[in-house]
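Residue numbers (my numbering), protein chains in the order written: chain D, 5 to 348; chain C, 156 to 951; chain A, 28 to 245.
Treat the hints with caution; some may be incorrect.
[What the hints assert, rightly or not] Computed beta-carbon distance windows for the label pairs: (1) C:Thr162 to D:Gly290: 54 to 60 Å; (2) C:Arg418 to D:Gly290: 51 to 57 Å; (3) D:Asn284 to C:Leu490: 55 to 61 Å; (4) A:Leu210 to C:Trp585: 22 to 28 Å; (5) A:Pro158 to C:Arg501: 41 to 47 Å; (6) C:Leu490 to A:Gly195: 39 to 45 Å.
Derived by calculation from the structure, the hints in this document are not laboratory data. Ideal Cβ positions, reconstructed from N, Cα and C, are used throughout, including at glycine.
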Amino acid sequence: MNAKVLLFLLLPTSLFAQGFAGLGLTADGFSTPAPNYDFTFPEDHGPHPDYRIEWWYLTANMTSTDGTEYGLQWTLFRTALAPEAGEGWSAPQLWLGHAAVTTTDDHFTSERFARGGIGQAGVTADPFEAWIDDWTLSGDWSDLRMTASGAEFAYDITMTAEGPLIFHGQDGYSVKSAEGQASYYYSQPFLSLDGTLTLPEGDVAVAGQAWIDREWSSQPLSDNQTGWDWFSLSFDTGDKLMGFRLRQTEGSYYTSATWISADGTTESFADGAFDAQPLNKYQSPGAQVPTQWRVTLPERDVDITVEAINPNAWMPLSVPYWEGPIRIEGSHQGRGYLEMTGYE
Amino acid sequence: MTRTVFTALLSHWRRNPLQLFTLLAGLALATALWSGVQAINAEARASYGAAAATLGEGQFNQLVSDTGGPIPQSTYIALRRAGWQVSPVLEGRINGQRLVGLDPLTAPGGLGPVTLGEGAELDAFLGGAGQVFGTPATLEALSGIEAELILSPDVAPATALTDIGVAQRLLQREGEVDRLIVAQIQPVGRPALDDIAPGLSRQVAQGGSDIGRLTDSFHLNLTAFGLLSFAVGIFIVNGAIGLAFEQRRPVIRTLRALGVPLRRLMVLIAAELLVLSLVAGTIGVALGYVIAALLLPDVAATLRGLYGADVAGTLQLRASWWVTGMCVAVGGTLLAASGAFLALARMPLLAAGQARAMAVAAGQTARVQAGVACALLLLSLILGFTADGLVGGFVFLGAMLVGASLALPLILDHVLRFGQRLSKRATSQWFWADTRQQLPGLSLALMALLLAMAANVGVSTMVSSFRLTFVAFLDQRLSAELYVSTEDAAQTATFLNYAEGKVNAILPIRSVEIAVRDLPTELFAGRDHSTYRDNWVMLDASAAPWDDVHSGESIMINEQLSRRADLNIGDVVQVQARAYSVSGIYGDYGNPIGQALIAEGEFDALFPNVDTTRFGLRLPQNEVSDFVAAMERDINLPASATINQANIKAFSLSIFDRTFTVTGALNVLTLAVAGFAILMSLLTLATMRVPQLAPVWAVGMTRQRIGRLELARAVLLAALTSLLALPLGLMLAWALLAIVNVAAFGWKLPMFLFAFEYLKLFGFGLLAALLAALWPSYRLARTPPSDLLKVFANER
Amino acid sequence: MLLSARGITKTFDTADGPFQVLRGVDLTLEAGETLALTGESGSGKSTLLHLIGGLDTPDAGEILIDDLDIAQMDDTARAALRCGAVSVVFQQFNLIPSLTVADNIAFQARLSGRHDAHWAAELADQMGLAPQLRKYPEQLSGGQQQRVAIARALAPKPKLVLADEPTGNLDEATATSVLDLMLELVADTGAGLLMVTHSDRLAARMSRRVHLARGQIA
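Working from the sequences, and respecting the hints, build out all of it.
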């Protein structure tokens, strides 16, 4: 087995990993999230090396001038071998980057690995910059710039915030299971973007909306949770909805959602309020996944179907999963992103 | 029915245990030689493979510093941040072991400690005291270093793998890397290398490890041996099966007459052969393992000494090796039995019982055989003039060997006919005529002898030619009497101060790795001294090559670089900003990579940062040991920092002697196999000989006389065959040296002849035939008169 | 009718061109009947026996054994016939040298799955082979070897026994005793016997006699 794959399977990176016994039950000196955390910025945009895992996760829905739809992903994961920052090659912080561009016909992906402590990858809070190799996400969170490249694609995007940061769960304390596993979780879903996609057929100027998720934890999953389906939905009304369901070994699942009004006010919904039911099974390049869903949140009169713009948006990386842009129809219309992990 | 028939078939072996033994032994011997040689090759290749996989030299392009020094780690980070997908490697030596530091996160897939399997503590590998992976011998040498030692048999011998951070700490080279592996897939829109790291240049992947390519010449010898001995072995098995079928003809007829259908009989005989070949294959593979285990230490020493290739001295059992060994045994049996099988299938029920001579070649068959032999020999003649490249060389070899084998019985027949015409006396006339009559039955065994002898002549010539060339080459290149290495600039200064005036000349040796036309090349600084002018032998040169070099306008290159980069005298070689014309091409045997030499002044200007730490000293040979002792006493330069030229040469010669041990052992084994083939054929013929000899006995020749003539007949045939094998073997050697060698390794070896060696081989060939014929002729000489009489009584 | 052969022809290729050995031979044999087939050397009597035994195939004609035409059978079917319904006793004995006498006697019956240990023992006893059962064929005299071959042929209780000069390799006294034993046992089993011989004396012991000359029944 490739050492790299092994690395990310054996280590507790594992919101992606599926049901490793004992995972998340002990924290080995790592800090664990607690309610009533007092977020401070820009510090909390930076890394939290005393937590086991952390990510900066950006997805975007875009269109070119001729109306063609695109999606993109820029993700930087941090995973810690020990709860300290460290210096040089022996620093116990490892970094993993995923980037993708999805068109209606193609899905381009790339992956990067790096050690912390030598400057190849990292995040600084002030001024804010997150990078791995030549991929960057930087700016003051009012204005941000993002670049990434792979063997067949590259992009260079600028973004402007048009709304506040959003805190999920209980003021940013997001519970992930009935047993109480939790993470810190905030988002910036109000980004408008402009930029250029470099694709095999040439450069494409695009405009659209982006959504950043920030999350960190040390014990993210309960040991009976096998994967998750995560939705970030932007309705044409300007309202937004984040919802996920964590699938459990016995077939049940745990849901959570945040309703984000156009003005930035939020309402969190505990387990059971939000629901998502798969409507199909599609043989994507890596696994059978549902690429059509019925999503409901009765409290907000949401009853919609979402469908992948490109059902082949499989991420064939060291940790494989499905991630791609979706269209929304039904009680609400709009665009969004869907991520599905733990399908084999 | 099946069981009954099977019992009847197997009961034959119970009543003829000697025959069973010869069949099993022949097959086992053939399998053993083949799989033994394969085991040695596989073991060595696995070692090179492990080294290449560790270091990525074969598959990936590399970035190295122009000046030959280390690359700052900051340059690595700068390249990564510019999008270049490169991975750092740091190398050094600790306790004589090569320590290689890699970054497992960025190394291209498949590189690095591949056994970093389940249970390996990745955080322990990546941080803390770190982990070092190596073979038991490597780890023993490294005991005491500050890291956890992890046993890993897949790591190349004398090499230890660790994280690059750990390597930097253990080698005390923080912040440095030696080279960067360039991943095959790179992102779009990446800036040019010169914009990010102007001091680095790219080395193109070599497509297979250098060591592997270099040592292929050695493995070629072994493989040729293995293949030929297997071919010889198949002749034996063919003989043994032929004998068994011959003897069981009446039984097979009876079985069919009693109502066993032919198809079932064939299936059962095939099953019987399958069982026997599996048994023999198992014995053979086990024997092959023993052969390989006995020879491997010599092979490993040879490879290490000749090529610097580290090969584990102990053998690992590989499943693939067992499987191929068994396949070879079974496949070989089927191949050898196919003739007898076809004969059985076509044999009419009623004719089956008649004892008849084995496959006496009918006139038409002989004509076809002659035609094919002529066509093949003609093809090889044409290829001999036109072939270049590996494939051409091997087709040439194949056509020549097969053609010669097919022609052998016809040539022998003509020689014997000529002998018959010359002879006057009745006995000798009968002797020649009877020998001709035996020829068809013995021809397969004689072909085996021909191939074995030719292989021995060819490979001996190749190895011995290589030895002569290489030793002469060492004399040229190791012309200084003493070599000294210093550790740092201070010690260099002390040494130079001290040695100045005490010796006849001090010749600094300086080199740097560069790329010439994208080929890795070692560039040396040459001082203007008679040592070089007098000793170096040029394969091609301008009118005054050394003057041209020292004028600062020219460069000399080795043969490998000349052939690979297609550089000839007068062509221009670019080294950084300077252009040099090639003024000389010299032989550089045993070197895997390109080499070049420019004037010392030019070198200093281009590579000011390369320290001089090695020197060749010219002084009278008898003063060397005193001088070494004096240096140790006066300036504290240890004897271990000096190399005595005489010692190197002695070492090189001892390595060649190891090579000869291996070659010699294989010589004896192949001849033994050929002798066995002759024995089997004679035993087969012996059953048919009695009726042929009975009339001669009846008319008054004693049985002892008949036995002696039988012996003489075998030796005569072996001698004629061995004589024919000599030119064939020389052609084989020529093809290996002049065609295959050039294509595979980039240099041509001159061919030398070794008359005494051939005489010895000839003697061995006769001895093998004599030993093989001893028992059958003894048995003939002791045939009871009653058996001879029965011939007349039984005749219908 | 146990055996009925009609219009059998057979031609061999020889160095001097094709030679027609059999030129339309007709022959019948009832169960329990013993028939001598006599003729000069080269008259084709052995060839005819081989054809009836399914060891060779005729160029034309039919050979019915129990109303089955063996000329139309393939090799496998004819082989099955040989190890069961029809047994052949050869002049050259054709024993299997690597098997003991006991195994040789039982061999053909085992092949056809008709082995009967009592019957085999009785045959050995009657043939006077009881003391030789553990020996190998090469340790026996010619007469003993032929008795083993006859016992082997009778062990499967065949309907038809074909014998090709069964006593040709034996001296006269031995030949007589072997023939006596064979006739006695064939009579016991009720089989038909077709024996090729060139001896008038032996032919006279059979219930009927036909003579083959120039490829035809005279």
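Here is what the structure says about each hint:
no. : hint                             : result
1   : C:Thr162 to D:Gly290: 54 to 60 Å : holds, 59 Å
2   : C:Arg418 to D:Gly290: 51 to 57 Å : holds, 52 Å
3   : D:Asn284 to C:Leu490: 55 to 61 Å : holds, 57 Å
4   : A:Leu210 to C:Trp585: 22 to 28 Å : violated, 50 Å
5   : A:Pro158 to C:Arg501: 41 to 47 Å : holds, 42 Å
6   : C:Leu490 to A:Gly195: 39 to 45 Å : holds, 43 Å
Hint 4 from the earlier list is the only one contradicted by this structure; the remaining hints agree with it.
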